[in-house]
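Undergrad: Here's the letter readout for the chains.
Number of protein chains: 6
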Amino acid sequence: MIPFQMIVFLVIFLQSYTGLAYDPDPVNDYCIPRTEFSSIFLSCKNTSLVTVDDFIYSGIKDPGNFKHTGFSSIPVSSTVFPGLNTLGMSFVRADFDVDGVNVPHFHPRATETAFVLEGKIYSGFVDSGNRVFAKVLEKGEVMVFPKGLVHFQMNVGDSPATILGSFNSENPGLVKIPSAVFGTGIKEELLMKAFGLNDKEIAKLRKKFVPQ
Amino acid sequence: MIPFQMIVFLVIFLQSYTGLAYDPDPVNDYCIPRTEFSSIFLSCKNTSLVTVDDFIYSGIKDPGNFKHTGFSSIPVSSTVFPGLNTLGMSFVRADFDVDGVNVPHFHPRATETAFVLEGKIYSGFVDSGNRVFAKVLEKGEVMVFPKGLVHFQMNVGDSPATILGSFNSENPGLVKIPSAVFGTGIKEELLMKAFGLNDKEIAKLRKKFVPQ
Amino acid sequence: MIPFQMIVFLVIFLQSYTGLAYDPDPVNDYCIPRTEFSSIFLSCKNTSLVTVDDFIYSGIKDPGNFKHTGFSSIPVSSTVFPGLNTLGMSFVRADFDVDGVNVPHFHPRATETAFVLEGKIYSGFVDSGNRVFAKVLEKGEVMVFPKGLVHFQMNVGDSPATILGSFNSENPGLVKIPSAVFGTGIKEELLMKAFGLNDKEIAKLRKKFVPQ
Amino acid sequence: MIPFQMIVFLVIFLQSYTGLAYDPDPVNDYCIPRTEFSSIFLSCKNTSLVTVDDFIYSGIKDPGNFKHTGFSSIPVSSTVFPGLNTLGMSFVRADFDVDGVNVPHFHPRATETAFVLEGKIYSGFVDSGNRVFAKVLEKGEVMVFPKGLVHFQMNVGDSPATILGSFNSENPGLVKIPSAVFGTGIKEELLMKAFGLNDKEIAKLRKKFVPQ
Amino acid sequence: MIPFQMIVFLVIFLQSYTGLAYDPDPVNDYCIPRTEFSSIFLSCKNTSLVTVDDFIYSGIKDPGNFKHTGFSSIPVSSTVFPGLNTLGMSFVRADFDVDGVNVPHFHPRATETAFVLEGKIYSGFVDSGNRVFAKVLEKGEVMVFPKGLVHFQMNVGDSPATILGSFNSENPGLVKIPSAVFGTGIKEELLMKAFGLNDKEIAKLRKKFVPQ
Amino acid sequence: MIPFQMIVFLVIFLQSYTGLAYDPDPVNDYCIPRTEFSSIFLSCKNTSLVTVDDFIYSGIKDPGNFKHTGFSSIPVSSTVFPGLNTLGMSFVRADFDVDGVNVPHFHPRATETAFVLEGKIYSGFVDSGNRVFAKVLEKGEVMVFPKGLVHFQMNVGDSPATILGSFNSENPGLVKIPSAVFGTGIKEELLMKAFGLNDKEIAKLRKKFVPQ
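Here the protein sequences line up with chains W, G, B, P, Z and Y, keeping their order.
With the first letter of the first sequence counted as 1, position 17 gets the number 17 in UniProt numbering; the numbers rise by one all the way through.
With the first letter of the second sequence counted as 1, position 83 gets the number 83 in UniProt numbering; the numbers rise by one all the way through.
With the first letter of the third sequence counted as 1, position 205 gets the number 205 in UniProt numbering; the numbers rise by one all the way through.
With the first letter of the fourth sequence counted as 1, position 129 gets the number 129 in UniProt numbering; the numbers rise by one all the way through.
With the first letter of the fifth sequence counted as 1, position 17 gets the number 17 in UniProt numbering; the numbers rise by one all the way through.
With the first letter of the sixth sequence counted as 1, position 10 gets the number 10 in UniProt numbering; the numbers rise by one all the way through.
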């Protein structure tokens, strides 16, 4: 018989969410989270239970689901691939239909190096001084997007394109500008004044990005 | 007589710009840059030449110049206040006219704590999951904006308002969303697709934010 | 029925105290500790349970309690304001009666920037080479106290004074020299030799600082 | 006329080699080293002189030169691709002939994520507890090699194979075990005792790895 | 009566192994792990339960057990001496019989400073460029082994020798080259090709280092 | 002929003092400063000019000069031993006459592990909560002093004693409480109020610690 109080105890536990790891300087070779408790707190598997499969990720062999912008991405942080836990790295596969767009976005906690696996990609970023650095990348080229800066990509070739992005954080975060700004309920007057738009224009943008 | 080549040597030097310091864990008590070479490379003043005034900043007693959004800010990084060099902190004074707006922006390299010196400020941020956390702050209240996340403020009181923001980087950086996205020459088609706007609407936004 | 052993288990847990977070480079946007377990271990609230109030602190609108040195301080670390957890910042409000003194002290884990909200404050620090840097600050001025160095303040104006200090650690620590040295039971002979005082003089100092 | 002493001054300078940057937490958006002085000290280009090409690397479209082990690699650190400077990332392209081998090696300053661009690669690492984690990876799979641990790869397919490795340091370093141990002049008696080999066996190994 | 499920719960817990601390920048003065849970997760003892003995280690007054290489070592990480937890340091005592050898090895997470307590020790390391730096150290001399580089030692005097090594990580890790490479089951063909040895030679080496 | 201006240029340079390195995460194996420029800025020697002697320190075989407190110390930071540069470690030899005292002090940038080479040493530290942790250490014992906390030592045996301290910073800094507080010219009224002493008592203390 499980005592009622223990169930309560566990249920409270299981609702929580842990994120206490930090990127720099691990103190162990690795720390594969014990999945049965990963929603509670970080506890590493006993080394003897760790297997080679804990360090291999096989989920980006193919593109993910495409959105209306002709873009698909599979971000692989330590949440998805626990072997990355405490190791300070993660990655993403991004696929583009012809004209597909990766909207202006940034990663609050990482620099990204983006390698073009296939296709021709217009790719760029904006620095703190509002200078844009953008160019069409070809297969085999790599562009670096400095930590925390807004960047964007668009397939400008006539066939699908693919990028492999790597990050120096196990969980770089992702802020997509259009939905973060227009899809989140920031006070209308503030947005009007910030973008110099009237209430109808803001309402139109909001309608596109506020989740229905 | 100064040899011509030496002048060339110095001129080349003086055009450069240095940024090699890092925030965490200084190895000296402080490092006041030698101003005559600060545009060349980082060289600390001999301790005997350092004075108490190197550690004091007096330039935020009054508000800065106001912009059309009814907002004024004086960011004080280690560039402006060299005493902050290598110490991992900086700050900003922000003043708001009635209805004044600090547009959605973020700091790529720092968390911010914002203390309300005067007035009533609608203040908030958006997390990676597109949740907005916003509320009206009163005099004496403090809000924390986590590292790298988009945040914004608006004076919703009926008198001027002032905020003192502090950062855990000597140079947190500043990316203002409207001008970074619409004022920097990102390819028009990409912006149209990203924001679901037509070419006229994008052109209108660009006209507002591209420096003339 | 709660099994006896489980109560024991919980009680043992609840007596413990956790401090496993580190200042640099969080791997999540934020981590609001679950208060019911904060005395046990760090477990972040599920994002859906986080509210804007988790990021706002309202407890420094007014001065704290004054001590006999005419000084009052309200330090706000992540223990007091859980929203700061993992974000690498904290702050303090310090109030001074006329002639009030903030005794020589240091923060083992942070640099401090101190902004004068009100009054005239004699303010300074001592570096590793035993040089003192001190000056009277006026309203609106800011002084930086480098990481780990001894600093001190005194109200030298003729009205109350207030300072807002900011730190680049979520828990900077505080070591007050007089009580740390004379109020903690360090061997008497050692203190006599270190300060060149006789046993009566040390005893007098101890009497002042050892908690009764 | 260039004074002789100045030439001496410059020549001494130009022989030196700089390495003062650190991986974590840059204080600028980026720092493109001024190439004319990069052998002297780190000085960032004036932002106005930075171009998009500073952030793009085009040198790994094709494999590098193959060695006798049927292996070729092009490591791209901040030395080769200055745009990576201060950003804490770098990468490598590795190509394998059939049966080609990447000998046991490690990177003293980085974790690596290795993405299989083509082929079937036996890939693994050894942890501090002498456990080996190895498996055959297929195209599109990713393996993580934790910071500082010995790892190795071999093409076990019947066609050439290629890997893209990413690192969370701008200069991860590379120590190849066979040449580091047997090709560097470590005292013979020490190696004999360490590996349980006699002098002829050590001499044979040395002959292979000591540069002629 | 202890419910069965709770036992299961605890047993699962107790098999796990925690390693979530990081070296840089603690947020508390110290964190002595509660030993009854240290195999589960990191929870600091209540300060009132901490005693001076938590900060003192007495286990390296004498040498440890000697191996067949005439070498003995007692590594003291935070696992063995919990007072080091979160403080970013650890140490090792190493003793050498005459001709005793500390085989080529490295620490993936730390620099080491080695102080000769007694004897004459041939001591050196190999850098990323395959240069060896080695010399005979005498009593009272100190050598630094940079982070992650292969190093080695041998008693070349005619009496026992002792070294005290210090590390800038609470858990530096240890990879001994001979056993990591030949004692762990790396594919035979890979080792043959990597070291230019035939199958018999590899088998001989393996026999020495694979645990029986 | 050396042009006058160049001499001026060099003289200005040579008066400066550099301290731009940071402890965590070097990006090179090592960086031996070029001594001819170390007073100007940090420039690493070309690797080919580095020798094994750059990594060895021989200056602590014997005690340093004793002070009136019966104490002698030789701190070895990267300034004294350039091989430590960028490697995040340093060390100190401390010798005690009978009754010799190492006055209450702290290191603003490092944790210390202190190993007793000889003698019986009363040794302790005070935490942020004003608890003292002190005990007599014997030969071969090690005590850890957490980062930034006040600690002290006294030879309580009847023969000389020696300690080897190690730090996890290449330049930990040193603040000796008696001289930092009473020997630096902090305003008299502030010290009177802070320590509860009258003007004569403060004057007496000052006389002892202000350099004559």
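It cannot be assumed that every hint is accurate.
No copy labels: a pair is met if it fits in one copy or bridges any two.
[Stated by the list, open to error] With a Cα cut of at most 25 Å, we get these calculated DSS-like pairs of lysine-lysine:
#	residue 1	residue 2
1	45	120
2	193	120
3	187	120
4	208	176
5	207	193
6	193	139
7	139	61
8	207	139
9	200	139
10	45	139
11	204	120
12	200	61
13	200	45
14	45	193
15	45	61
16	120	67
17	67	187
18	208	61
Calculated directly from the structure, the hints in this document are not laboratory data.
Undergrad: Tell me, in ascending order, the numbers of any earlier hints that this structure violates.
TA: Structure breaks hints 1, 8, 9, 10, 11, 12, 13, 14, 15, 18.
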